Amino acid sequence: METLMALLTGLLFAVGTYMVISRNFIRIILGTAIYSHGAHLLLITMGGLKGGAAPLLGQGNDLYVDALPQALILTAIVINFGVTAFFLVLAYRSNKELGTDDLYHLRGNKDE
Amino acid sequence: MDKFSAHVNSIICLHHTPIQHSIQGLLRIQNIFLSKGRLAKKTSVSEHSGVLFETLGGHALNWLNFAIFLPILYAVFIPFFYKKIPRIHTGWFVFPIPLVLFIYLATFIPGVANDHVFTQTVYWIPSIGINFVTYLDGLSLILALLITGVGALVILYSVYYLSMKRESLHHFYIYLLLFMGAMLGVVLSDNLMVLYLFWEMTSVSSFLLIAFWYQRDKSRYGAQKSLLITVFGGIAMLAGFIMLYAMTGTWSLRDIIGQAGELSDATLFIPAMILILLGAFTKSAQFPFHIWLPDAMEAPTPVSAYLHSATMVKAGIYLVARFTPLFGGDATWFWVVSTVGLITLFWGSFTAVRQTDLKALLAYSTISQLGMIMSMLGIGSAALYFDGGSDSFKYTSLAVLAALFHLVNHSTFKGALFMVVGIVDHETGTRDIRRLGGLMTIMPITFTFAAIGSFAMAGLPPFNGFLSKEMFFSSVLRAAELGIFNMETFGLLFPIIAWLASVLTFVYCMILVFRTFTGKYKPEKLEKNAHEAPLGMLIPPGILVSFVIVIFFFPQTLADYILNPAVQAVLPLPIETNAEYYTNITAWHGWHAPELWMTVAVVVLGSVLFLYLRKWQGVYALFPREWSFNSAYNAMLVGSEKGSQRLTGSYMTGYLGHYLAYIFVFIILSVAATIFATNGFVIDTSNDASVNLYEMILIGIIAVAAVAIIFAKSRITAIILNGVLGYMVAIFFVIFRAPDLALTQLVIETVSAALFLLCFYFLPEWKEEKISRKMKSFKLALSIGVGTLITLITLSIQGNRLFDSISVYFEDAYELAGGKNIVNAILADFRAFDTMLEILVLCIAGLGVYTLIKLTSTEGGDKRESE
Numbered sequence: 001m002e003t004l005m006a007l008l009t010g011l012l013f014a015v016g017t018y019m020v021i022s023r024n025f026i027r028i029i030l031g032t033a034i035y036s037h038g039a040h041l042l043l044i045t046m047g048g049l050k051g052g053a054a055p056l057l058g059q060g061n062d063l064y065v066d067a068l069p070q071a072l073i074l075t076a077i078v079i080n081f082g083v084t085a086f087f088l089v090l091a092y093r094s095n096k097e098l099g100t101d102d103l104y105h106l107r108g109n110k111d112e
Numbered sequence: 001m002d003k004f005s006a007h008v009n010s011i012i013c014l015h016h017t018p019i020q021h022s023i024q025g026l027l028r029i030q031n032i033f034l035s036k037g038r039l040a041k042k043t044s045v046s047e048h049s050g051v052l053f054e055t056l057g058g059h060a061l062n063w064l065n066f067a068i069f070l071p072i073l074y075a076v077f078i079p080f081f082y083k084k085i086p087r088i089h090t091g092w093f094v095f096p097i098p099l100v101l102f103i104y105l106a107t108f109i110p111g112v113a114n115d116h117v118f119t120q121t122v123y124w125i126p127s128i129g130i131n132f133v134t135y136l137d138g139l140s141l142i143l144a145l146l147i148t149g150v151g152a153l154v155i156l157y158s159v160y161y162l163s164m165k166r167e168s169l170h171h172f173y174i175y176l177l178l179f180m181g182a183m184l185g186v187v188l189s190d191n192l193m194v195l196y197l198f199w200e201m202t203s204v205s206s207f208l209l210i211a212f213w214y215q216r217d218k219s220r221y222g223a224q225k226s227l228l229i230t231v232f233g234g235i236a237m238l239a240g241f242i243m244l245y246a247m248t249g250t251w252s253l254r255d256i257i258g259q260a261g262e263l264s265d266a267t268l269f270i271p272a273m274i275l276i277l278l279g280a281f282t283k284s285a286q287f288p289f290h291i292w293l294p295d296a297m298e299a300p301t302p303v304s305a306y307l308h309s310a311t312m313v314k315a316g317i318y319l320v321a322r323f324t325p326l327f328g329g330d331a332t333w334f335w336v337v338s339t340v341g342l343i344t345l346f347w348g349s350f351t352a353v354r355q356t357d358l359k360a361l362l363a364y365s366t367i368s369q370l371g372m373i374m375s376m377l378g379i380g381s382a383a384l385y386f387d388g389g390s391d392s393f394k395y396t397s398l399a400v401l402a403a404l405f406h407l408v409n410h411s412t413f414k415g416a417l418f419m420v421v422g423i424v425d426h427e428t429g430t431r432d433i434r435r436l437g438g439l440m441t442i443m444p445i446t447f448t449f450a451a452i453g454s455f456a457m458a459g460l461p462p463f464n465g466f467l468s469k470e471m472f473f474s475s476v477l478r479a480a481e482l483g484i485f486n487m488e489t490f491g492l493l494f495p496i497i498a499w500l501a502s503v504l505t506f507v508y509c510m511i512l513v514f515r516t517f518t519g520k521y522k523p524e525k526l527e528k529n530a531h532e533a534p535l536g537m538l539i540p541p542g543i544l545v546s547f548v549i550v551i552f553f554f555p556q557t558l559a560d561y562i563l564n565p566a567v568q569a570v571l572p573l574p575i576e577t578n579a580e581y582y583t584n585i586t587a588w589h590g591w592h593a594p595e596l597w598m599t600v601a602v603v604v605l606g607s608v609l610f611l612y613l614r615k616w617q618g619v620y621a622l623f624p625r626e627w628s629f630n631s632a633y634n635a636m637l638v639g640s641e642k643g644s645q646r647l648t649g650s651y652m653t654g655y656l657g658h659y660l661a662y663i664f665v666f667i668i669l670s671v672a673a674t675i676f677a678t679n680g681f682v683i684d685t686s687n688d689a690s691v692n693l694y695e696m697i698l699i700g701i702i703a704v705a706a707v708a709i710i711f712a713k714s715r716i717t718a719i720i721l722n723g724v725l726g727y728m729v730a731i732f733f734v735i736f737r738a739p740d741l742a743l744t745q746l747v748i749e750t751v752s753a754a755l756f757l758l759c760f761y762f763l764p765e766w767k768e769e770k771i772s773r774k775m776k777s778f779k780l781a782l783s784i785g786v787g788t789l790i791t792l793i794t795l796s797i798q799g800n801r802l803f804d805s806i807s808v809y810f811e812d813a814y815e816l817a818g819g820k821n822i823v824n825a826i827l828a829d830f831r832a833f834d835t836m837l838e839i840l841v842l843c844i845a846g847l848g849v850y851t852l853i854k855l856t857s858t859e860g861g862d863k864r865e866s867e
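Residue numbers (UniProt numbering), protein chains in the order written: chain A, 1 to 112; chain B, 1 to 867.
Mixed in with the good hints there might be a few duds.
[Claimed, not checked] To be clear about the criterion: a stretch of chain B counts as covered by chain A if any three or more of its residues have a C-beta under 8 Å from a C-beta of chain A, and this derived list gives those stretches:
#1 654-663
#2 706-716
#3 842-856
Hints in this document: simulated from the structure, not taken from any laboratory.
Predicted model only: the values in this text are computed from it and were never measured.
Glycine included, every Cβ here is placed at the ideal spot set by N, Cα and C.
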């Protein structure tokens with residue numbers, strides 16, 4: 001399972017990279033979203049996928065899955081959401097002000 | 001009161017104890033008076049530091065460090081004098097400083113003549129051995145006396161030269177005093193780091209002085225050029241100093257020279273030598289670094305007289321002389337110093353003849369004369385190779401004496417000549433030889449001074465230049481016969497080049513005198529009606545030219561008191577051998593001496609060349625301006641600027657994609673190289689959990705959805721596919737037994753999808769990217785590279801588990817934190833700090849979103865934003 005997950009995260013990162021190197025603002029944001037999915041899956045994979053109960057005490061089980069990566073991922077998900085939300089609004093705003101979402105046109109002024 | 005006196009006592013006590021370590025912040029002064037007595041002389045150079053330490057009560061009145069800092073500290077008061085006492089020329093307030101210092105330094109002459117040296121230490125950074133240690137011996141004394149003596153005369157001259165109304169005098173004198181202090185620091189410092197500090201201070205103050213009339217383009221150009229070149233050399237020199245420190249472990253010049261014999265085999269010996277020489281050559285305007293000096297002539301004439309003839313350009317000479325005991329005796333040093341000196345000598349005199357501006361002529365003549373001094377130091381360094389008493393030793397050490405003698409002579413006559421040219425400029429409004437002429441009867445005194453200075457420079461009797469030139473000829477003639485360093489091959493070139501250069505020197509000296517002062521007076525070409533200068537302006541050059549004559553008649557006095565101790569500093573040898581070269585400086589070598597006939601030939605050929613100057617001046621057309629070193633310098637400057645601009649422009653394209661590509665390529669290359677270099681790649685599937693069909697299907701869905709996003713034709717498809725990815729990840733969280741994650745992921749994915757949709761509504765339609773097939777395959781390769789890298793790393797980590805998880809600790813959540821949900825206990829209890837900051841991130845994001853949407857930049861909005 002871990003080997004398969006390693007391949008899957010590799011694929012997600014490849015797709016994310018392909019999306020990020022593009023001239024369209026939205027493609028880039030989607031790319032970062034895919035990156036974050038990959039990163040989260042990677043984190044949980046690294047924590048080990050060996051069977052065990054959900055990390056809830058009092059279920060009459062001795063063996064639990066690793067809870068620490070889950071806490072880390074939870075933090076990461078929230079932060080990622082905040083950044084994505086801001087990023088999206090930035091795209092909206094820059095398109096509204098500058099009239100383009102093409103990064104080839106967003107290169108600053110000549111005199112900068 | 002008692003407490004205070006106790007404190008004072010403790011400081012005084014510290015004075016007398018030999019101090020090893022220092023408490024920071026407490027300035028302590030240590031005076032040492034060293035007697036390099038005759039007994040000590042018998043010991044070899046390496047025991048130099050073991051000479052007698054005598055702390056004489058009477059002689060401990062030694063304020064050398066204060067002498068260096070006096071001009072710098074005094075500079076603080078200049079603006080006060082300028083603003084509060086505007087009626088009196090500020091120069092008068094500055095004049096006493098160099099005078100006092102000159103008198104103070106002159107009191108050391110008897111001590112130095114008796115082979116004593118004086119040193120004083122003020123602690124600065126004792127923990128790394130950097131302190132203000134002064135060291136006064138014959139060599140330092142010559143330069144220190146020149147700096148203060150010529151300095152006093154130049155300040156007197158500038159009082160009459162610079163207008164009180166038009167010039168910002170306070171700037172001028174502050175820069176000048178800074179320069180004077182820095183220059184004294186250079187020649188008196190024993191600590192290499194402190195020497196470097198003062199060395200750069202001279203560069204900077206010289207830069208300020210050259211650009212004194214900063215409104216002019218040429219001044220700024222000249223200042224920039226001199227700064228670039230001298231600082232280039234200065235940095236090289238610093239590197240050389242650091243190498244010396246690496247070899248010897250001390251910053252002290254004396255200690256380093258004390259180790260001279262042991263260093264010559266070190267690997268850093270030659271690099272350090274070359275780097276230090278670079279510093280010396282750039283400062284002393286040696287070929288091919290001489291180009292800054294003519295451009296520095298944009299400075300006011302007192303500055304040119306002081307910095308660019310008498311003092312700053314001698315700093316390099318000083319450095320070479322100072323390091324001769326360390327590096328001299330090595331063939332590389334001998335060849336580099338003497339050939340660079342000779343080339344500079346010849347090239348300077350050759351170029352001086354073609355100049356039409358008097359100051360440019362003097363600048364090239366300075367270059368040439370400095371080359372002459374440098375070459376003599378180079379030849380003289382060979383003396384360290386011989387045993388004392390031999391003929392070769394006698395003549396090579398004579399070269400050192402000649403170099404130091406000419407150093408003094410040059411300062412006298414060149415200072416006077418610059419002042420004379422300044423007077424001509426001041427009284428006629430031009431320095432162009434083609435417009436001048438016939439000033440002899442109008443300015444008789446100036447003419448006399450010019451003639452004396454020029455004839456001294458040309459090497460005619462009865463002026464001091466004659467003596468040093470004769471000695472120069474003797475030393476090059478004998479150098480040609482030296483049996484060392486392969487002198488047999490090129491040795492003969494030495495006297496030939498020296499003689500040719502002397503002929504050219506004679507020619508430009510005659511141009512200087514006769515083109516300016518004889519011939520027809522052309523008032524229509526002059527801006528002012530020429531007349532004799534005021535008395536005050538004539539006094540300083542008058543004093544200098546009187547030295548020119550006095551030194552000719554009494555050279556032995558100068559030699560006994562100042563020059564011989566200086567030679568002793570350059571060639572530190574046992575006293576018995578020194579007696580050999582205490583030869584008399586004589587004007588008359590007898591009819592059989594070849595030097596005399598060389599001088600006669602110089603005069604004859606020089607006169608012929610001067611009279612038929614027009615006939616052969618076409619030679620200079622062979623060296624067009626495009627091929628000069630100046631244009632090479634300019635091309636280098638422009639080229640480096642353009643080159644770096646082109647380089648930066650080639651990769652700083654402004655496209656995000658390019659920068660990301662650089663980053664990814666770098667990551668792939670560096671990480672992959674590390675993995676393969678360390679053999680870190682492992683596949684170990686033995687610990688893998690089992691896979692069931694259900695999970696296989698999920699993985700398949702994610703893979704397909706992810707790849708499909710790339711090919712999505714419309715943005716709505718892309719969003720939905722991204723949503724699919726998110727929900728699948730949530731399901732994975734369910735499978736991996738992470739209920740909190742699954743919950744959060746579901747909610748957040750939903751909200752994000754909604755946000756995406758909301759934003760897309762306002763964004764332009766998703767277009768097909770038009771990129772070349774090549775670019776597309778590059779992107780693809782890069783992406784596959786990144787993906788493969790991640791997989792490789794993941795697998796390697798998987799196969800390299802080092803220790804077990806610490807999560808067992810968190811499984812006591814109920815006992816430790818009173819919660820049954822371990823994840824929540826971690827988030828809110830064990831690692832709650834993360835959670836707090838994560839909340840802060842959300843707050844900031846929310847605020848950011850709010851401001852981005854609310855603050856509009858319409859016509860009025862711009863104003864609100866800028867407020």
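Each hint, compared with the structure:
1. 654-663: holds (count 6)
2. 706-716: holds (count 5)
3. 842-856: holds (count 8)
Hint check: no violations occur; every hint is consistent with the structure.
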